[in-house]
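Trainee: Single-letter residue listing:
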Amino acid sequence: MRFGVIVFPGSNCDHDAFYAVGQNLGQPVEYIWHDESSLGNLDAVILPGGFAYGDYLRCGAIAKFSPVMNAVKKFAAAGGLVLGVCNGFQILVEAGLLPGALVRNRGLKFICRPVTLRVETANSPFTCAAERGRRLRLPIAHGEGRYYADERTLDELEAEDRVAFRYLDNPNGSLRDIAGVLNRERNVMGMMPHPERATEPLMGSSDGLAVFQSMLRAGQAVAA
Amino acid sequence: MNARVLVSYKSTVLDPQGQTVRSALEGLGYRSIADVRQGKVFDIVLSEGTSREQAAKELNAIAHEVLANPVIEEYRVEILD
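Protein chains in written order, with this note's numbering: chain G, 1 to 224; chain Z, 1 to 81.
Hints may be right or wrong, so weigh each one.
[Stated by the list, open to error] In silico DSS-like links for lysine-lysine, alpha-carbon gap of 30 Å or less:
hint: 1; chain 1: Z; residue 1: Lys-57; chain 2: Z; residue 2: Lys-10
hint: 2; chain 1: Z; residue 1: Lys-57; chain 2: Z; residue 2: Lys-40
hint: 3; chain 1: G; residue 1: Lys-109; chain 2: Z; residue 2: Lys-40
hint: 4; chain 1: G; residue 1: Lys-109; chain 2: Z; residue 2: Lys-10
hint: 5; chain 1: G; residue 1: Lys-74; chain 2: Z; residue 2: Lys-57
hint: 6; chain 1: Z; residue 1: Lys-10; chain 2: Z; residue 2: Lys-40
Hint data in this document are derived by calculation from the structure and do not stem from the laboratory.
Chain G on its own, in the form it takes in the complex (with noise of 0.2 Å):
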C-alpha cells in the first residue's frame, strides 16, 4: 500500500509520519510538497500536524489554497484515503472536506501531552483494526483544537455514525467530547491527537499504530 505524507511550508510532524508509516507500519512512503498538482499513484495520504503557512488568518486557511489541496478534494472524491491530524485535520475542516471547525482551547493554554481517547466506531478504514470502547493513549500538541459544529451537525454525525474518537477527559472544550471525525462517505478521517508519536515502545505508547493498520487493512480489502 502505497502512502504519501503532504508538506506545506510549517508542516513540522511530516517526519513523523513518514517514520511511522515506512517504519513501523512497514509500507512505502513518499512526500509531497505543498505546490504538487497531482499525488501521483497513492492509495492514502496524510495531511501531518504543524503550522501550514504559519497558521496565518486561521489555522488551515490558507493551506487549503495550496495546489496540492485541489489534487486532495480529487483524491478523497474518488475514494481514497485521507487522514489529517492536527494541523491536517484543521486543514481538512478548512477545506471543507470534513464538517465543523477547529477553535482555540476553552483553557486558551497550548496543551501537550499525552490523553485517552475512546475508539467510538470501528466502521471505518482508520479504525476497523480496533474495536468501539478500545481506549488509546495519544498525545496531543495543539492551541486551537476545539471540535466546534452547530447542534444540527453534531447531531448528525453521531446519527451517521462519523465520530471516529472521543476524549475520556477533554482536555480542550470540544463539543461533545469528539477528538475524531469522519466523513459521510467515511474515507476522509481528522483528528486532533498523534497517531504517528505513539507507534513504537520507545514513543511511549503504541496505539496509534490502530490507525495506521486500519488503514493497510482497508487498503488491502480493496486491492483483494
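Using the hints, position chain Z against chain G.
Mentor: Frame of chain G, contents of chain Z only:
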C-alpha cells in the same frame, strides 16, 4: 477607495479570549463592562478605478471565502470612502 472587513465569532461560538479580556477589565474595576467579544479587522485599499459595485462584490467574496470561516465566524464589509 478604502474598505474595512470586520470578522468575529458567531454568538454561539465560545470566545475564551474575549472572556479573558472581560475578566481582566472587571479586575481593573471597570464595572460597566458586561461582555467582550474579540474579533479581527482587515483594512483594505482598493485599486484606483475600482467601481463601488465591483468593490462590494469582491470584498463580500473574499470575506466569505478567505477572511472569515462561515462555520464559526460572521463578517461585515464596510466601504469607507
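Trainee: CA of Z/Lys-57 to CA of Z/Lys-40, is that 30 Å or under?
Mentor: holds (20 Å)
Trainee: Would you mind confirming whether the straight-line C-alpha gap from G/Lys-74 to Z/Lys-57 stays at or under 30 Å?
Mentor: Status holds; Cα separation ~29 Å.
Trainee: For a C-alpha distance cap of 30 Å, please report whether G/Lys-109 and Z/Lys-10 respect it.
Mentor: Distance of about 22 Å is within 30 Å: holds.
Trainee: For the pair supplied as a hint, Z/Lys-57 and Z/Lys-10, is the alpha-carbon distance within the 30 Å limit?
Mentor: holds (22 Å)
Trainee: Given the hint that Z/Lys-10 pairs with Z/Lys-40, test it: the Cα-Cα distance must not exceed 30 Å.
Mentor: holds (13 Å)
Trainee: Would you mind confirming whether the straight-line C-alpha gap from G/Lys-109 to Z/Lys-40 stays at or under 30 Å?
Mentor: holds (20 Å)
Hint compliance for this structure: no hint is broken.
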